[in-house]
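If you want the building blocks of each chain, they are given just below.
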Amino acid sequence: MLTVSAAAVAFGQPRGERGYTSAVSERLIEVYSRRFGPEARARLEAWKRDAAERKRAPAREAALLTDVNRMLNRVRFVEDSAHWGEIDYWATPAESIGSDGADCEDFSIAKYFLLKELGVPIARLRLTYVKSLRLNQAHMVLAYYARPDADPLVLDNLEDAVRPASQRADLVPVYSFNDEEVWIELRGRSGSPTQLRNWRALMDRLEWERRT
Amino acid sequence: MTLGRLLAAAISAMFLVALIGVEAIHLRSAHVHMQRQLESLAQDAATSLGLSLGALLRGGDPALAETVINPAFDRGHYERIEYLSAGGERVVSRHLPAREGNYPAWFVRVFPLHAPTAESLVSAGWRQAGRVRVTVHPRFAYEQLWGTARDTVVYLLLIYAAALLALRLVLRGVLRPLAAVEKAAQAISSRRFVTLRLRPSTRELARVVEAMNSLSLKVSEALDAETRRAQRLQAAAYHDPVTGLPNALGFTARFEALYEGEDEAFGGVLAMVDLEDLGAINREIGAERCDALLGTLLGAMDESATAAGGFAGRWGGALTALALPQLRAARAREALAALRGRVRLVLREAGLNDHDHIHCGGVEAGTGRPALQTLVRGAQEALRHAREAPEGVVVVDAAMPAEGATENPAAVVREALGAQRLHLVGQVAYRMSDHRVLHTEVLARLYDTSGHPMVAAHFMPFVVAQGLAEELDKAVIEKVMRDARRGDERISINVSARSAELPAFLAWLAQRLARERALAARLAFEIPEHGAVRNEAAATQFAHTVARAGAAFAIDNFGLHRDCLGLMRRLHPAYVKLAGVQVRRIIAGSGARFFAESVVRAARQLDIPVFAHHVEDEATFQAIGSLGFTGYQGNLGGGPVPWPGG
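Residue numbers (my numbering), protein chains in the order written: chain W, 3 to 214; chain Y, 642 to 1287.
Among the clues, some could well be false.
Partial selection, computed: residues in chain W whose CB lies under 7 angstroms from chain Y [what the hints assert, rightly or not]:
{"no.": "1", "residue": "A148"}
{"no.": "2", "residue": "D151"}
{"no.": "3", "residue": "P154"}
{"no.": "4", "residue": "A171"}
{"no.": "5", "residue": "P175"}
{"no.": "6", "residue": "S178"}
Here are the computed distance ranges between Cβ atoms for each label pair [claimed, not checked]:
{"no.": "7", "chain 1": "W", "residue 1": "A171", "chain 2": "Y", "residue 2": "L692", "range": "20 to 26 angstroms"}
{"no.": "8", "chain 1": "W", "residue 1": "R136", "chain 2": "Y", "residue 2": "R716", "range": "21 to 27 angstroms"}
{"no.": "9", "chain 1": "W", "residue 1": "G87", "chain 2": "Y", "residue 2": "E784", "range": "43 to 49 angstroms"}
{"no.": "10", "chain 1": "W", "residue 1": "R29", "chain 2": "Y", "residue 2": "L692", "range": "40 to 46 angstroms"}
{"no.": "11", "chain 1": "W", "residue 1": "R58", "chain 2": "Y", "residue 2": "E784", "range": "48 to 54 angstroms"}
{"no.": "12", "chain 1": "W", "residue 1": "R149", "chain 2": "Y", "residue 2": "G662", "range": "53 to 59 angstroms"}
{"no.": "13", "chain 1": "W", "residue 1": "P60", "chain 2": "Y", "residue 2": "G717", "range": "38 to 44 angstroms"}
{"no.": "14", "chain 1": "Y", "residue 1": "A651", "chain 2": "W", "residue 2": "R199", "range": "24 to 30 angstroms"}
{"no.": "15", "chain 1": "Y", "residue 1": "D685", "chain 2": "W", "residue 2": "A148", "range": "29 to 35 angstroms"}
{"no.": "16", "chain 1": "Y", "residue 1": "R731", "chain 2": "W", "residue 2": "R136", "range": "37 to 43 angstroms"}
Since the hints were derived computationally from the structure, they do not count as laboratory data. The C-beta atom is built at its ideal place from N, Cα and C for all residues, glycine as well.
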């Protein structure tokens, strides 16, 4: 398993910090505790502490996936329209944790960035649009591919258990992406996630958080 | 550089800079837009190919993948489309070799577009089926960008041309008054006072025009007053108040002015006509009617004299003097008889049958140079004889000179001109204040076959009569220009009034002077006042020709004609030389002093120097000293000496 610093070197960037717990400053915590209430501070600090501890004592990836899924699933499920006043708002991990509210995209995003920070190569991670047959509605999960041609493990906010996709007949995959192309772009090519409006807006907020 | 050109250059340069700026901004934004379009095209192609491949490639069939990719690739917008398996092997790869586009290579260097590559993941269900990678060909974008650049350059150039045209029209409109003002300023600085009729719409120009016009008006009023004054003085001194013809003084002045110069001598007949019964007529019909009758009669006499190239004057009482320069004795006899008949007819028609006693006496001047007084004495003598003669007319033939009588003067002149036996003499004109040399007036001398100098009074009538004046003037000018090339002397040349009227002579002179402009700038051409008065249009033409060639135009023998000041204002000569007869009259202490003052004052308004001719001695110099002349010429400064000297 790669360490954070190794991943940063491999990606040849200074950008890896975006969306990481390590990018959440004392000042940002201050801002969010004013915005989301005094409990926000405790939640954000616990989240940061947990990530820091995991970095110090790396676990196997399979265990890490289950831990991260379970931990972040503790956040309350709230519809965007009720929580953010917008139909489709992709919140940053710090916003989801701080406000203690997320919907399926927010869960997937928070899991994606935490795993990335903990050293999971993003080539193995894919944010996947699926259709939930059970709920009969659009849904998003995070898929983990141990190898490119492997049967992926699914991190779903509806289930604490991380199961292979072959056992999730209730989900129909539609389209998937990760922000791999973000660093491809740095080498003179354009990448797909930046073309997604919501992803771009998310990146802007992450950048703002990083600078705060 | 004119103000108009400066403005036009500055404004068109600014226009150009602005249009170049517009073009640059336009191309820059088009360039950025084009790059974005390329990237978006790459991404859209990759995404849609990724989705359709994902939906179709459940079994991972390369042939099917190629079938899906081909239609997109064949549109030609893509340099490369690749489909890579999940393991990274190239399953399908279509590549379009780079081709020359329809745009220059430098354009690509100035506006580089990078060929964007976009990727999309291909998923077959949960399974990763690889990725599709699309690189867009920038050729179409370059062609479009180049086309846009060319079109906008053409449009902007058209706009620029239209703007320049509009600018030209606007500037021309705005600056038109300025050109007129500039011309007027030039005219004023050379003391020609013009009035501007235009009313510029811009305040500054309007004020300038107003100021110029008021200046012109003031000067022109002062000149008008001076002219009127001079005319009054001259009229009083020279004219008979009853008939309007010259009185004895006027006749003498005019005669001397015409025939005392070197260029023309009086070779005709001087006649006296006596209306013996004038006193009786006066008593019979009263002074008023008598004066009217006298006016008619003397008018008739003046007509006869004018027909003979001369003029008439009331000598005093019943005596009238006639100068008939173009007539020899025989012809004069006929003319006088006809005149006598005509006068008698008038008298009879007036019912004065008993008072028709008219006598005419004349004397032929012939060669030599008889003074007017001698001629008058001769004519009065002839008149006495005429009273006894039945026909009432006696004209005495001139005595034939004993020597050279056989020589035909015209032939001699022609021969002398041909053989270049032409010699020049020069007389210097000095400044009044410090006696410094101002210029040298050059005169012609001809020599006969035996080498004796010919007196101008002898040959000039023949020169004029034979139409040789032009030839002589040309010869003199040619010689002066040849001999004056060295040195820096300023030279004035007399041109006969007849030559100055000839267009051919003018053309020749312009051409001759154009060949040596530096020398021309040292030359002044003088024509006599009577010539300028006789044909003012020709004199104006002559003045323009001379001025255009860079030489000066001057009037000689000035101050004899009634309208001499008007002439001066209209022709604006470089200087005038007051006639000798006027200078002599100043010494005589008559009203000529006031007249001369008037001339000098008017000339000063116009910045025209006035020279005094025939200043023969210290007494004359003293007499004219306080009148304000610029320079003088005459025996006091030295008579004519061979030129060029030394």
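Verification of the supplied hints:
no. : hint                                    : in the structure
1   : A148                                    : violated (11 angstroms)
2   : D151                                    : holds (5 angstroms)
3   : P154                                    : holds (5 angstroms)
4   : A171                                    : violated (11 angstroms)
5   : P175                                    : holds (5 angstroms)
6   : S178                                    : holds (5 angstroms)
7   : A171(W) <-> L692(Y): 20 to 26 angstroms : holds (22 angstroms)
8   : R136(W) <-> R716(Y): 21 to 27 angstroms : violated (42 angstroms)
9   : G87(W) <-> E784(Y): 43 to 49 angstroms  : holds (48 angstroms)
10  : R29(W) <-> L692(Y): 40 to 46 angstroms  : holds (42 angstroms)
11  : R58(W) <-> E784(Y): 48 to 54 angstroms  : violated (59 angstroms)
12  : R149(W) <-> G662(Y): 53 to 59 angstroms : holds (57 angstroms)
13  : P60(W) <-> G717(Y): 38 to 44 angstroms  : violated (51 angstroms)
14  : A651(Y) <-> R199(W): 24 to 30 angstroms : violated (51 angstroms)
15  : D685(Y) <-> A148(W): 29 to 35 angstroms : holds (32 angstroms)
16  : R731(Y) <-> R136(W): 37 to 43 angstroms : holds (40 angstroms)
In summary, the structure is inconsistent with hints 1, 4, 8, 11, 13, 14 from the numbered list given earlier, while agreeing with the others.
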